[in-house]
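> Read off the chains here:
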Amino acid sequence: MLQAENTSVYLGGFVQPVFDAQTVFRQVMNAMARPGTITRFDALTTPPAPLISVTGSIAAALFDHDTSVWLEPAQASQPALTGWLTFNTSTKIVAQGFDADFAIVTDAGALPSLESFAQGTQEFPDRSTTIILQVESLDQGPRLVLEGPGIKEKAFISPSGLPDQFCEQCSANRQRFPRGVDLLLVSTQGLIGLPRTVKISRG
Amino acid sequence: MNTHGELATYNFAYLDEQTKRMIRRAILKAIAIPGYQVPFASREMPMPYGWGTGGVQVTAAVIGPDDTLKVIDQGADDTTNAVSIRAFFQKVTNVAVTTSTRQATIIQTRHRIPEEQLGENQILVYQVPIPEPLRFLEPRETETRKMHALEEYGLMHVKLYEDIARNGHIATTYAYPVKVEGRYVMDPSPTPKFDNPKMHMSQALQLFGAGREKRIYAIPPYTEVVSLDFEDHPFEVQTFKDPCALCAATGVYLDEVILDDKGSRMFVCSDTDHCENRRNEGHHGHLSGQALEAQQ
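Which chain is which? The protein sequence lines are A and B, in order. Heads up: the first sequence begins at 1 in this note's numbering, then just goes up one per residue. Heads up: the second sequence begins at 1 in this note's numbering, then just goes up one per residue.
Hints in this document: simulated from the structure, not taken from any laboratory. Keep in mind the model is a prediction, meaning the values are calculated, not measured. Treat the hints with care, since some could be wrong.
[To be verified] Covered, in the sense of this in silico footprint (three residues per stretch, anywhere, with C-beta under 8 angstroms from a C-beta of chain B), are these stretches of chain A:
id, region
1, 20-27
2, 144-153
3, 176-187
The C-beta atom is built at its ideal place from N, Cα and C for all residues, glycine as well.
Take the sequences, apply the hints, and build the full model.
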């Protein structure tokens, strides 16, 4: 519920909704099309903590009344956060990951199993969750090697704060192709797209 | 805003923001599942189906004020469809437009891929009439969807085999089916098969929009795109006996132009920008102005 006295939920959206949304979408599209490259855009939104600006901007660019979003229980119980999302995007917030078009995960270390989100069906593999995963940094962690569509030969990323079993989770996700979830790793530095086609190994 | 009863004003790039978000979400899923046709809620556009409404909607969802747009119709910048779509985007976005392949950041195309190799900063948007490669073999959507789900593409090979049985070679010359990243069989839109090899490991992102059929699909950069064939009948592209009559280019796709009613004809580059650049660089074919003047 929106609280009239809590005016912060009305603030911090796009200043220029049309052009800001285009800018953010183009960077997200580039990130998805070229896994391993870090794409950036200016801080265009100021969502309530623990959401960072990049997450808020992706939400403002892609969420609307046709989408459903899963939040971690700790975040879903915060009226300031759910109020900001629903006021700025009109999105529905759902309790189950397998009902969600998008999921926002702020505590990357406690990322739920990728299998607990919508996988799509063999006939409609597009009906799956896109997970926005906030990580500590995109270049301070252990090195990972990426291969797959969008990557010339190999790409290297070093995100930090990922759960221990992340590579195994992603490789199981890859096995389910064409079903599976898509990930956007975000930090204050920008974002890295990890579509379901990407092969990840420790490097 | 519009107090004088003048022309209606439109949102940037014509589409409303909710429509753009819907298309943008479809594009992201299309990139994540290369070659899979994502259903989307195609809108009515101010042009008839068959004029590239799918490509126009994809371009409108992607384009920003900093983009430079090029539109081609069968390789040419100056044909009706290309001219009217270019004028449409000039009106509703006011972006820079160009005929130069090199300068464009977004190229919307009807049935050709430019001769010049595209770069990493470019996006190629295809206008697609029938996105389903299996549609003429199996009319039911429920069945073709199941065939894609089960990776059941035997029927397509039967079709190509029947070509060989009747003609001695694979007679399909355009909309030649491809397999993307070893999984989905995809219709590359009715481009000549000459262009199929350019889709393989392309540096540019390729997006496909089918307005009437309400489908969006994509090939990310550096993605494997293989034209279907047989070991004893490998895939081959068209070859041309003579070079372009205007710019003397070889190894490019040529259009046949009838010159009179006595059977004279010439073959010229279908890619007008490529042909112009070559002529500016001093290449002259046997029917170019310079060559004809020299004969006199």
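> Hint compliance check: list the failing hint numbers for this structure, sorted ascending.
Violated hints: none at all, because every hint is consistent with the structure.
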